[in-house]
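*Asks:* Here is how the chains run, residue by residue.
Number of protein chains: 2
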Amino acid sequence: MKIALCQINPAIGALSANAAKILDFAQKAHDLGAHLAVFPELSLTGYPPRDLLEKKEFVEKSLQTLHRVHQKTPLPIIVGFVDFNRHPIGKPLHNAAGLLVPGESRLQVQHKTLLPSYDVFDETRYFEPGQKIQCMNVNGKKIGVLICEDSWAEELLWEKKQYHTNPMEVLSQANPDFYINISASPYSLSWFHKRVDILSKSVRTFKKPLLYVNQVGGNDQLIFDGASLALNGHGDIVSQGKSFKEDMVFFDLETQTGEGLSQYPQEIESCYQALQCGLSDYVSKCGFKKVVLGLSGGIDSALVATLACDTLGPQNVLALFLPSPFTSRDSFEDSKAMTINLNIQMYTISIDELFKIYRKSLEPLFKDEPFNTTEENIQARIRGTLLMALSNKWGHLLLSTGNKSELAMGYCTLYGDMSGGLSILGDCPKTLVYALSKWRNSKKDKPIPQRIIDKPPSAELRPNQKDEDSLPPYSVLDPILKAYVEDHASGAQMMAMGYEAALVKKIVKIVDLNEYKRFQSAPTLRITTKAFGMGRRFPIAQGYTQEEKG
Amino acid sequence: MKIALCQINPAIGALSANAAKILDFAQKAHDLGAHLAVFPELSLTGYPPRDLLEKKEFVEKSLQTLHRVHQKTPLPIIVGFVDFNRHPIGKPLHNAAGLLVPGESRLQVQHKTLLPSYDVFDETRYFEPGQKIQCMNVNGKKIGVLICEDSWAEELLWEKKQYHTNPMEVLSQANPDFYINISASPYSLSWFHKRVDILSKSVRTFKKPLLYVNQVGGNDQLIFDGASLALNGHGDIVSQGKSFKEDMVFFDLETQTGEGLSQYPQEIESCYQALQCGLSDYVSKCGFKKVVLGLSGGIDSALVATLACDTLGPQNVLALFLPSPFTSRDSFEDSKAMTINLNIQMYTISIDELFKIYRKSLEPLFKDEPFNTTEENIQARIRGTLLMALSNKWGHLLLSTGNKSELAMGYCTLYGDMSGGLSILGDCPKTLVYALSKWRNSKKDKPIPQRIIDKPPSAELRPNQKDEDSLPPYSVLDPILKAYVEDHASGAQMMAMGYEAALVKKIVKIVDLNEYKRFQSAPTLRITTKAFGMGRRFPIAQGYTQEEKG
Chain A
1 MKIALCQINP AIGALSANAA KILDFAQKAH DLGAHLAVFP ELSLTGYPPR DLLEKKEFVE
61 KSLQTLHRVH QKTPLPIIVG FVDFNRHPIG KPLHNAAGLL VPGESRLQVQ HKTLLPSYDV
121 FDETRYFEPG QKIQCMNVNG KKIGVLICED SWAEELLWEK KQYHTNPMEV LSQANPDFYI
181 NISASPYSLS WFHKRVDILS KSVRTFKKPL LYVNQVGGND QLIFDGASLA LNGHGDIVSQ
241 GKSFKEDMVF FDLETQTGEG LSQYPQEIES CYQALQCGLS DYVSKCGFKK VVLGLSGGID
301 SALVATLACD TLGPQNVLAL FLPSPFTSRD SFEDSKAMTI NLNIQMYTIS IDELFKIYRK
361 SLEPLFKDEP FNTTEENIQA RIRGTLLMAL SNKWGHLLLS TGNKSELAMG YCTLYGDMSG
421 GLSILGDCPK TLVYALSKWR NSKKDKPIPQ RIIDKPPSAE LRPNQKDEDS LPPYSVLDPI
481 LKAYVEDHAS GAQMMAMGYE AALVKKIVKI VDLNEYKRFQ SAPTLRITTK AFGMGRRFPI
541 AQGYTQEEKG
Chain B
1 MKIALCQINP AIGALSANAA KILDFAQKAH DLGAHLAVFP ELSLTGYPPR DLLEKKEFVE
61 KSLQTLHRVH QKTPLPIIVG FVDFNRHPIG KPLHNAAGLL VPGESRLQVQ HKTLLPSYDV
121 FDETRYFEPG QKIQCMNVNG KKIGVLICED SWAEELLWEK KQYHTNPMEV LSQANPDFYI
181 NISASPYSLS WFHKRVDILS KSVRTFKKPL LYVNQVGGND QLIFDGASLA LNGHGDIVSQ
241 GKSFKEDMVF FDLETQTGEG LSQYPQEIES CYQALQCGLS DYVSKCGFKK VVLGLSGGID
301 SALVATLACD TLGPQNVLAL FLPSPFTSRD SFEDSKAMTI NLNIQMYTIS IDELFKIYRK
361 SLEPLFKDEP FNTTEENIQA RIRGTLLMAL SNKWGHLLLS TGNKSELAMG YCTLYGDMSG
421 GLSILGDCPK TLVYALSKWR NSKKDKPIPQ RIIDKPPSAE LRPNQKDEDS LPPYSVLDPI
481 LKAYVEDHAS GAQMMAMGYE AALVKKIVKI VDLNEYKRFQ SAPTLRITTK AFGMGRRFPI
541 AQGYTQEEKG
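Protein sequence lines correspond, in order, to chains A and B.
Counting from 1, position 189 in the first sequence corresponds to residue 189 in our numbering; the numbering is continuous, with no gaps.
Counting from 1, position 234 in the second sequence corresponds to residue 234 in our numbering; the numbering is continuous, with no gaps.
Hint data in this document are derived by calculation from the structure and do not stem from the laboratory.
No distinction is drawn between identical chains; accordingly, a pair holds when it is met within one copy or between any pair of copies.
Straight-line distance between alpha carbons at most 35 Å, and here's what the computed DSBU-like set of lysine-lysine pairs gives: (1) Lys201 - Lys2; (2) Lys482 - Lys55; (3) Lys505 - Lys289; (4) Lys549 - Lys289.
Using the sequences and the hints given, assemble the complete structure.
*Replies:* In structure tokens:
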């Protein structure tokens with residue numbers, strides 16, 4: 001029995017298009033001799049459909065679409081779909097896997113048992129957990145079907161064991177011939193290797209092959225890496241799908257061998273590819289063709305320009321250089337050099353006069369109050385307004401270029417440099433921005449001028465300004481931010497890591513104070529285990545500080 | 001036995017301050033002869049603490065604070081707090097009610113059984129449901145203690161019955177002398193009456209008094225109305241706390257009578273008070289004193305100015321009038337008249353020159369492309385930049401004045417009129433804005449010039465512009481938006497309501513397309529059952545349309 005692992009990139013809610021894609025892959029799988037084709041979690045609706053699930057009409061149409069797919073599929077397929085909960089009590093829906101066999105009118109269905117409700121996941125908002133766990137049957141084989149989180153019962157994942165049931169253990173009692181997990185598991189740095197560890201550990205426990213089929217593609221903040229896996233009964237990877245691209249690989253049940261074995265990229269490369277995937281899909285799924293961004297001469301906008309160019313092609317990337325009186329000659333030269341390297345168009349508009357008129361307009365109010373962040377913010381907002389004008393006039397998507405360290409510290413201007421439809425680096429700490437830039441520059445075209453990488457970072461919003469005037473060095477700041485934002489470390493824990501109490505206290509306070517800015521930030525591509533945005537939900541008006549004595 | 005219902009306004013996370021407030025109320029209750037004082041759900045941390053709950057240190061400190069309160073309370077109190085889940089499996093926390101009796105070292109604890117996970121509620125993200133449901137004992141009386149949602153098992157609330165257990169029914173088997181529900185139930189229009197219906201229905205079923213103690217105050221988007229209730233064994237209200245204000249009312253168990261009986265305001269008045277409460281608390285809990293807003297001469301900014309003035313006092317409200325070439329003389333006169341009525345300061349800054357320079361700066365790019373929404377947006381963004389400059393320089397909170405109809409239709413400018421720290425009317429449809437203004441003007445000071453109420457609404461961003469050039473009349477638009485946004489009505493359902501297919505289709509498409517704008521909007525005070533923001537989670541990049549054939 002030959003099984004096709006079909007990692008597709010569905011668009012959220014695009015039922016007909018997703019159905020067509022499923023049937024297209026199914027046909028190819030059939031043509032290549034497969035007896036079963038397997039698709040990711042919620043493959044018909046795309047994952048996550050979020051509050052589209054609250055529209056009853058949407059769920060009804062998705063079930064009609066499932067029926068059409070069932071009628072047309074040339075071979076048995078397993079598809080993720082949204083099912084109604086037919087029990088009179090509970091949440092209205094189930095997250096379901098359906099086995100659709102041509103000629104059999106009834107579906108075999110398994111409902112997801114373990115529903116993630118943490119970080120970016122809200123499944124208990126919509127779904128009732130499955131009650132029955134039982135095998136499916138096709139071609140005389142018995143399959144234990146799991147849906148994503150159903151495989152994460154494993155204790156080593158959790159500080160405290162989350163789930164009362166281990167669905168794989170329950171399934172194992174029926175002695176299936178193999179297991180399938182259909183998944184939509186978002187990328188984060190190093191998560192792939194953890195995922196492999198857990199899946200192989202499961203296989204070593206239950207001693208049967210496990211086919212893991214993961215969604216691929218970007219949906220708003222979330223990036224799904226694909227990299228589907230076929231593990232033989234010993235837990236070895238015998239086939240693996242591409243990363244961040246649609247793919248189909250195969251597993252032969254009798255010989256326990258695979259067809260198609262991609263390698264997962266190294267960490268920095270995987271991050272670069274993830275950002276490309278997130279950018280590319282946001283642009284295309286929102287119906288854009290071209291993007292625009294502001295080049296400052298700094299590393300963040302340089303990296304975003306390069307990423308955009310690598311992803312969308314130079315003809316679809318437009319740069320604006322918007323100098324103020326504080327912009328250095330170097331910044332202009334470096335930006336210019338880079339646009340030549342990348343072969344993208346750059347317009348220059350000076351913001352001097354606008355800045356002057358703003359100051360003049362405000363003079364009757366501000367009188368002789370000294371220049372401070374207000375005037376810095378005005379410059380950033382002039383740039384935001386010019387970039388948005390271009391975006392509005394020509395329909396280009398404005399990319400926001402700020403990084404995670406800035407966003408954490410509020411070292412950025414709301415409605416200024418934070419403007420944009422998508423934040424590319426908003427989950428990349430500054431030190432990672434450097435690592436990504438250096439990695440990209442290790443390719444022979446070396447697009448980013450070395451001076452951009454070497455010079456001390458500056459916002460250039462006042463004379464001789466350097467980031468380090470306001471912030472600790474990024475090599476110190478970033479690990480503290482990681483501990484605090486990603487790992488919820490306490491003050492005591494951070495001091496135990498060797499950081500000064502006063503510094504930790506200051507950083508924590510600044511991060512907390514800037515919740516209001518992040519609340520209004522553009523959607524940010526998520527590449528760590530805790531990105532700002534949908535997966536991090538802090539109150540703005542709140543009084544907790546680490547000094548609270550308890 | 002005399003019981004005090006203490007509806008307090010905690011600040012999220014402010015453990016010491018909340019503890020002090022609890023002890024203060026407890027002392028007053030004791031002085032007034034009470035034998036038990038009851039506080040709202042999660043009264044120690046404030047509701048909702050959101051991801052503060054992911055900080056273990058925060059939970060530990062809140063438990064230490066609870067211990068301090070226990071040592072100091074002069075009478076038995078029931079307090080809402082966060083408990084650790086001591087079972088080895090499951091979510092790490094419980095949403096708990098604790099009975100703290102002076103001199104008894106052990107707490108009596110009840111964990112919340114029904115955890116809401118819908119709309120603005122994310123309780124399954126943090127909490128494990130309680131397993132045991134049992135009565136508490138104090139003063140020789142047996143009390144059945146419920147926590148908020150525990151009383152909403154009632155079927156008539158749900159299209160599909162949500163919960164498998166009815167905690168009140170379970171408690172009733174132990175035959176308690178009375179019930180207490182500690183709650184944090186956010187305001188929405190008409191929800192108070194539904195709440196009363198459900199609570200009275202429960203009392204009529206279980207035939208024992210029920211004391212309902214609700215949080216009061218605004219926390220970011222959410223506004224809690226208080227209006228705590230004591231229902232005697234027949235389901236009659238014998239005492240009721242104030243709306244939107246801290247209060248203490250009493251119930252005497254033996255005589256089944258109350259002390260303190262406020263009336264709930266009529267719907268429009270309740271909405272006005274809710275907005276005041278949300279604004280007042282956001283300002284004070286974020287540490288602001290003063291606010292600034294742009295006056296346009298239109299009804300939205302007029303109402304916000306009036307609300308701000310009524311709430312914070314005229315000395316704390318600053319208005320900017322920012323005319324462009326398209327601003328009418330009427331707009332100036334009306335704004336001026338209103339600031340005189342309200343006794344607030346107004347500065348005028350013309351945006352003519354800035355607008356000209358922006359256009360000149362962009363001319364090399366735009367050449368002779370015609371004036372369109374790009375140029376309208378530039379005007380709005382100039383105003384946003386000026387208002388934010390003032391906010392930055394003087395530390396005033398900028399209030400965003402847009403309404404829900406605009407936000408739904410994207411008839412507003414991101415980084416322009418959408419700028420601000422808090423959106424006051426973002427959940428008020430335009431027709432409600434009129435109703436609120438007329439209600440406020442029915443008071444004898446009549447602050448809003450009648451012409452503002454009478455004239456056709458206009459953004460004044462191009463010559464002779466009227467909202468109705470781009471939008472259907474609000475009397476038609478608002479009911480369609482309510483059906484679509486609040487009730488998730490399908491196209492067919494909206495047509496059955498009597499609306500034209502083409503109009504419904506157009507509106508639905510525009511609402512969906514503008515998800516990206518709302519993603520970056522300021523936190524919006526919630527006054528309907530479905531506000532934009534934390535309780536409504538739609539994907540941006542998505543392909544579902546009501547034309548999808550299924």
